[in-house]
Amino acid sequence: MTAVDHRPTSTEETGVSSTVQTPPATSSEGVLSGGGAAPLVRRRRTSLANALLPVGVLLVLLGIWYAITYLVLDPDRRFLMPPPQDVVTEAFLDGPTMARIGEALWNTVVVSFTGLAIAIAIGIAWAVLMSQAKAAERSLFPYAVALQCIPILALVPLIGFWFGFGFLSRVIVCVLIALFPIVSNTLFGLQSVDRGMHELFDLHGAGRFTRLVKLQFPAAMPAVFAGFRISAGLSVVGAIVGDIFFKQGTPGLGIVLDNFRSRLQGAELFASILVAAGLGIAVFLLFGWLGKLAVGRWYDQARDAG
Amino acid sequence: MSALSTSAPSIGAAATRAPATGGPTAGTRVLHFRDVAKAFPDGTVALEGVDLDVRRGEFVTVVGPSGCGKSTLLRIASGLSPATSGTVQMDAERIGYVFQDATLLPWRTVLKNVQLLAELHGMSSTATNQASRDAIDLVGLKGHEKKLPRALSGGMKMRASLARSLTLDPDLFLFDEPFGALDEITRERLNDELIRLFTSKGFGALFITHSVSEAVYLSTRVLVMSGRPGHIVDSFDVPFGPDRTPELRFTPEFAALAGQVSHALRAGHS
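One line per chain: the protein sequences are U and A, in this order. Each residue of the first sequence is one higher than the one before, starting from 476 at the first, in our numbering. Each residue of the second sequence is one higher than the one before, starting from 179 at the first, in our numbering.
Source of the hints: derived by calculation from the structure; they are not laboratory data. A hint or two may mislead.
[Claimed, not checked] Calculated lysine-lysine pairs in the DSS-like style (CA-CA distance at most 25 Å, straight line):
id : chain 1 : residue 1 : chain 2 : residue 2
1  : A       : K379      : A       : K290
2  : U       : K609      : U       : K722
3  : A       : K324      : U       : K689
4  : U       : K767      : A       : K290
5  : A       : K379      : U       : K689
Nothing here was measured: the structure is a model prediction, and the numbers come from that model.
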């Protein structure tokens, strides 16, 4: 009782305190979120706030980073967390290091995008199959869930054992790790079609295929793209995890990371971690943008979220 | 247009349904209910002993309290749901069904939405284009063809939904409280446009509403339905001609008839 009661009050308080910091953004948000009048003004102000807040968080994080490097660590242990400027000068501005990271980045991109493309093909086919018959859903969905629940990391050695330590095994790891969000989001999208719409199609004698193409797929697109976006990031994780485990073959970011780690090259290690993180963010943004291109015209995500 | 009649059998599949043998002309019966009952698996009896006929050129309105099975009546007429017993005969080659919601596909423009049914019925693209342009003109949406549903008002959405059915040139139009969610002014305007469409096209119409005033204003005949289990308790022929104007609502004749319908509604409900 008390815990439940407490929550709304505390969010109200944070709402009030942020009003003090940036009065126009939050007050217009609060007034207009229900109605939708003057959305242009609201969008501009929130987008400014949206851009500034993460920058603030970044500054705080950099501050913590400096504090750890210079206040916590002994100078001879500073390789554990080299200061940001060292990461820039020793890694990002160092030609050979960056050439190596760049090549690894490209290899990781190839592996993760191949894996993602295969996961998309399998995932959509799987979801369509399940959407067509309750029996298919009942028999196949548990395996989709199992795929999500099995720790893929535990399977990676086995995959290497069966398929070797090269490209194929890395792609398989990506597919396994990226498949579930595509299956579940696509299935959810295909099944979320309004009953009235289905009845309209019933009335006019639409067959399964027509219904799938003209009704269910277009309706599912927002959910499908949300799935792609999650899976794209997971696929990058899969490629790096595969690298770190297999330690052989064409070096991707995972192998480079592992090498820097074993040689205690802190700055280079940090740089490659940042590049890996950047790749994840880039694919996330890429698929967000693709989704917006595909459905943004008619599907307003902000309206649903707000 | 001939493409339409070949795909018409998909609409009704129940054994008691007789497919049309020739094109219905003015006055031919397009819908026939005899002693129709509907019980749901949970035991609820929605309809009992319903008799009704709709002919081309007739605008029949069923008025009744909420939850009396009015919508079930339309679902049975359209074949979306089978009757438990009784005879249902749908002699229309083409039916239009206008739902409570406009049920427009949000990713399609007005024009593409209006073309949907013609596409589903396999009409040629020239016929589809012609029919959709005509229908859009008829409902007054010219100039809005490229808009998406989210940019339309409730009234405009309903117009688009109406236009979508009009592309099939239906013999029988089924309306499931289509204007229930609209404000009064929009609703009255759409009532007038519907009368105009009905007069020019001469289809048969079965219209469901809980508004007595709307029922009397639109119809050639008003049927009053009782509360559950729904059955027809009274029938009123509406004497007004097709040239109805909003002022009709304020005449003593209109008020008297609306009063009688209202009275029957209350008697049937208690």
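Hints, verified against the model:
{"no.": "1", "hint": "A/K379 / A/K290", "result": "holds, 23 Å"}
{"no.": "2", "hint": "U/K609 / U/K722", "result": "violated, 43 Å"}
{"no.": "3", "hint": "A/K324 / U/K689", "result": "holds, 18 Å"}
{"no.": "4", "hint": "U/K767 / A/K290", "result": "holds, 21 Å"}
{"no.": "5", "hint": "A/K379 / U/K689", "result": "violated, 29 Å"}
The structure shown violates the earlier hints numbered 2 and 5.
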